[in-house]
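S.K.: Make the full structure from the sequences, and use the hints.
Each residue of the sequence shown is one higher than the one before, starting from 1 at the first, in UniProt numbering.
Hint data in this document are derived by calculation from the structure and do not stem from the laboratory.
The beta-carbon is built from N, C-alpha and C at its ideal position, and this holds for glycine as well.
Keep in mind that a hint or two might mislead.
Just the calculated beta-carbon pair ranges, DEER-fashion [as the list claims (entries may be wrong)]: (1) Cys64 with Gly2: 39 to 47 Å; (2) Phe117 with Ala12: 23 to 31 Å; (3) His82 with Met124: 39 to 47 Å.
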Amino acid sequence: MGENRELLEAEAHVWNHTFNYINSMSLRCVVQLGIPDIIHSHGRPMSLSSLVEALHIQPSKAQCLGRLMRLLVHSGFFAETHSGFFSLTTPSRLLLRQNHNAFDTTPLLLLLTSPVFMAPWETMSNWLCSDDKDHNSTAFEMANGNTIWDYMHNNLLVLAIYSIKR
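M.R.: The structure is reproduced here in structure tokens:
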């Protein structure tokens, strides 16, 4: 019985890591949609239907937004009342952009979850197995065609956009 439990826990550990990307990409999504700012501006907890209306989301997609919000409730980024209203938590207050929050974490969150910064992780195994003659000193360079430093130098406008506080 102990071995079965150990295998079950090991399987859960593998699945947890397999699906972990969903957490960061869900967080990226709510930041891109501006949900923390919408709830904050509303001044009190919001129902799912109010969020759908405020975001101009098609009613057919409301259930998907509800799932997204509940995932982030589970992660501690939002709270949900028994009557289904969503409110901010301390972590989601760090995602507010509209009031120039000194602890605004959104620019870094959006940058590090962007395709440019996710791609090196997707190519890591290829990079590790590649020949040094390929001249890709890092997985970032292999994925994006230049070093992270060259990328930042050549894309200052992109980086500035990520750091702008609305």
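S.K.: Now tell me if each hint is right for this structure.
M.R.: Hint-by-hint comparison with the structure:
1. Cys64 with Gly2: 39 to 47 Å: Roughly 41 Å apart at Cβ, these two residues keep to the hinted range, so it holds.
2. Phe117 with Ala12: 23 to 31 Å: Check passed, 28 Å falls within 23 to 31 Å.
3. His82 with Met124: 39 to 47 Å: 44 Å, holds
Violated hints are absent here; each numbered hint is respected by the structure.
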